[in-house]
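Number of protein chains: 2
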Amino acid sequence: MTIQAVVFDAYGTLFDVYSIAALAEKHFPGKGALLAEQWRVKQIEYSQLRTLCSTYKPFWEVTQDALVFVCRKLKLELSFEAQNALMGQYAKLQAFPENLGVLEQLRSRGMKTAILSNGNPQMLDAVVKAAGMQGLFNHILSVDSVKKFKTAPEAYQLAPDVFGLATKNLLFVSSNCWDACGATWFGYTTFWVNRANAPLEELGVTPHGQGGNLTDVLHFLDKH
Amino acid sequence: MTIQAVVFDAYGTLFDVYSIAALAEKHFPGKGALLAEQWRVKQIEYSQLRTLCSTYKPFWEVTQDALVFVCRKLKLELSFEAQNALMGQYAKLQAFPENLGVLEQLRSRGMKTAILSNGNPQMLDAVVKAAGMQGLFNHILSVDSVKKFKTAPEAYQLAPDVFGLATKNLLFVSSNCWDACGATWFGYTTFWVNRANAPLEELGVTPHGQGGNLTDVLHFLDKH
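Those sequence lines, one after another, are chains A and B.
Reminder that position 123 of the first sequence reads as 122 in numbering that gives the first Met the number 0, one-by-one numbering, no gaps.
Reminder that position 134 of the second sequence reads as 133 in numbering that gives the first Met the number 0, one-by-one numbering, no gaps.
It should be emphasised that the hints constitute simulated quantities derived from the structure, not laboratory data.
Don't take every hint at face value.
What the hints assert, rightly or not - Okay, derived cross-link-like pairs now, SDA-like style, lysine to any residue, Cα gap no bigger than 25 Å in a straight line:
1) A/K72 - B/E76
2) A/K72 - A/T112
3) A/K56 - B/K72
4) A/K167 - B/T54
5) B/K72 - A/L73
6) B/K72 - A/D215
7) A/K74 - B/E201
8) B/K56 - A/L199
9) B/K111 - B/Q209
10) B/K72 - A/A197
What the hints assert, rightly or not - Quick list of simulated restraints, FRET-style, between CB atoms:
11) A/H223 - B/V67: 27 to 37 Å
12) B/N196 - A/H207: 40 to 50 Å
13) A/G134 - B/V67: 23 to 33 Å
14) A/E97 - B/G29: 35 to 45 Å
15) B/G29 - A/S18: 26 to 36 Å
16) B/L99 - A/K72: 27 to 37 Å
Bear in mind that the values here come from a model prediction, so they are computed numbers and not experimental data.
From the three backbone atoms N, C-alpha and C, an ideal C-beta is built for every residue, glycine too.
Using the sequences and the hints, build the whole thing.
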């Protein structure tokens, strides 16, 4: 086996972001799913735009900016209370049900693990605790240290640097296809957790493995 | 007046992309507007992702990739005929009705003009001809020469370089708010043609001028 460490994306991969839509639905009946989807798209767009333009700010703030914009676009009045509730949800997302077991399996196999996330350190600390994942990672890496969001090469470089391992010997795991594709371009071995059974992005690049949930990462590792 | 040249974005600013939705509606009844909107979002996303990852390919191909992906996502069967028709539309977009008059006004005032577009040269040549705009620009600049899409600084640098003018003395005009914001960050004087009366992006930056169509650029110039 050539994989020497597993590097996980955070939001959507380890932490269940679907609860956002349910909470949004409570505040904006009939619009929860639309708000959650557009919020996520805008959050990623802003992170990429700020990276291209060298105007980094922490992901927590980018996330809040995206929420404010999308509510304005959808003509939803965002009360202070709703904003705090929706942002607060990001700090206490739960893990997908299979995730803790998979992370414990990896530890019992002696596999090293890390998170590599757009989230700033405070966000990540809070969500790791909320999901009961303290102590399950060798490293929690935030792009905040390089002030560039994924898919910038400086962001992906953090994991090979901290492990002192060749990028191809790291398995990068993400539920975001664009992230898995960016990491593949960068040189990682990659696994796309395709929870929503979405089509592959048309980027001319294919992650090395694909599955429906995090358990499939273990099956991939058995073969690599 | 300190503005010495006007630099226009192409798609959506000079050329009317709304005809895409009408054509999409013919091929996919009931889904035309959704397809057109998601196609545009995905086209921009791919251009930014490829710029971040240094995996440039011409905008025509990126546009086609985005169309193929979005049809797959929306579970629409994209026939060879529909693909050719929709892509072909990009090559023959019409100008917004006021645009030719505004460009001629700028010429009669002795103002220098350019296009600065993500489109590759072949796309731009075709669409400028289709819209009857030959000879109305001093320069037609494509990011293809630097292999990075907007909002990369190398893309925005093309216009100050070709004119030999300070960036702040160039008025950059775009109907895409993210593009107007990126250009503002870069140092241009900027004007957002907000045709759809959309909210300002939450990026902490505001274009210097704003209006509902291209004619408002003339009013802005009268005051600057």
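Structure-based check of all given hints:
no.: 1; hint: A/K72 - B/E76; verdict: violated (30 Å)
no.: 2; hint: A/K72 - A/T112; verdict: violated (40 Å)
no.: 3; hint: A/K56 - B/K72; verdict: violated (31 Å)
no.: 4; hint: A/K167 - B/T54; verdict: holds (19 Å)
no.: 5; hint: B/K72 - A/L73; verdict: holds (23 Å)
no.: 6; hint: B/K72 - A/D215; verdict: holds (23 Å)
no.: 7; hint: A/K74 - B/E201; verdict: holds (15 Å)
no.: 8; hint: B/K56 - A/L199; verdict: holds (18 Å)
no.: 9; hint: B/K111 - B/Q209; verdict: holds (20 Å)
no.: 10; hint: B/K72 - A/A197; verdict: holds (7 Å)
no.: 11; hint: A/H223 - B/V67: 27 to 37 Å; verdict: holds (30 Å)
no.: 12; hint: B/N196 - A/H207: 40 to 50 Å; verdict: holds (46 Å)
no.: 13; hint: A/G134 - B/V67: 23 to 33 Å; verdict: violated (44 Å)
no.: 14; hint: A/E97 - B/G29: 35 to 45 Å; verdict: holds (38 Å)
no.: 15; hint: B/G29 - A/S18: 26 to 36 Å; verdict: holds (32 Å)
no.: 16; hint: B/L99 - A/K72: 27 to 37 Å; verdict: holds (31 Å)
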